[in-house]
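Enquirer: As a plain string of letters, each chain reads:
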Amino acid sequence: DAKTTQPPSMDCAEGRAANLPCNHSTISGNEYVYWYRQIHSQGPQYIIHGLKNNETNEMASLIITEDRKSSTLILPHATLRDTAVYYCIVRVFFGGGSQGNLIFGKGTKLSVKP
Amino acid sequence: EAQVTQNPRYLITVTGKKLTVTCSQNMNHEYMSWYRQDPGLGLRQIYYSMNVEVTDKGDVPEGYKVSRKEKRNFPLILESPSPNQTSLYFCASSRGQARSPLHFGNGTRLTVT
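Protein sequences, first through last, are from chains A and B.
Okay, so the first sequence: first residue is 35 according to the numbering used here, each after it adds one.
Okay, so the second sequence: first residue is 481 according to the numbering used here, each after it adds one.
The set of hints was computed from the structure by calculation and includes no laboratory data.
Only a predicted model underlies this, so the values are computations on that prediction, with no experimental measurement involved.
Mixed in with the good hints, there may be bad ones.
As the list claims (entries may be wrong) - When the alpha-carbon atoms are kept at most 25 Å apart in a straight line, the in silico BS3-like pairs for lysine-lysine are as follows: (1) A:K37 / A:K143; (2) B:K549 / A:K140; (3) A:K37 / B:K537; (4) B:K498 / B:K549; (5) A:K103 / A:K86; (6) A:K140 / A:K86.
Only chain A is shown next, with the shape it has when bound in the complex:
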């Protein structure tokens, strides 16, 4: 079972910030939060990841709550090309076995509208 909970869908106006929430209440201390997105049926694309601190890169920002039980992915200025399914994933510490697996849930379908 996926260890994260995301809303199934969200809409966002073009040019506005898209804030995608994720709950991961059972996260443990050595687990990272990863975000990927999948546009249509292309391969999932890495966006950003973090452990405790907020992170920012050229694509997005990741805000992790202090208790690490939830996070928010922020796309600061959404465009039509950002329409995709966004997956929030908790990655178990890499050490072999299924610990190397990324458990993808159903994600959030983000629709950016003109």
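With chain A held as given, fit chain B onto it using these hints.
Expert: Chain B only, in chain A's frame:
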């Protein structure tokens, strides 16, 4: 350009006819993995490899084989394909550390009739 390349992109075959889907990465990654994606079931791991000659089963390995004879290649082999293996397949690679993101290929859509 750093990438994971899968071939073919589309494949239609018949039950029982052996096939191989190739996967190659040019990033010198130790870790490689195969996933299948089905409607309503999300992405599920088939097999993974921590390094050359080291492979292990994921969550849904039945009916599949893999090999890792060299670092860059990780082919997926279906010895006797069946219709329930009709799916969208993704290969992925990473440096194999907890902080290292997976890089995915563009997928192979397989139909077994």
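Enquirer: Determine for every hint whether it applies to the structure shown.
Expert: Here's how the hints hold up against the structure:
1. A:K37 / A:K143: holds, 18 Å
2. B:K549 / A:K140: violated, 34 Å
3. A:K37 / B:K537: holds, 21 Å
4. B:K498 / B:K549: Between K498 of chain B and K549 of chain B the Cα gap is close to 20 Å, so the pair holds against 25 Å.
5. A:K103 / A:K86: With Cα atoms ~10 Å apart, K103 of chain A and K86 of chain A stay inside 25 Å; holds.
6. A:K140 / A:K86: holds, 24 Å
Hint check: a violation occurs at hint 2 only; the rest are consistent with the structure.
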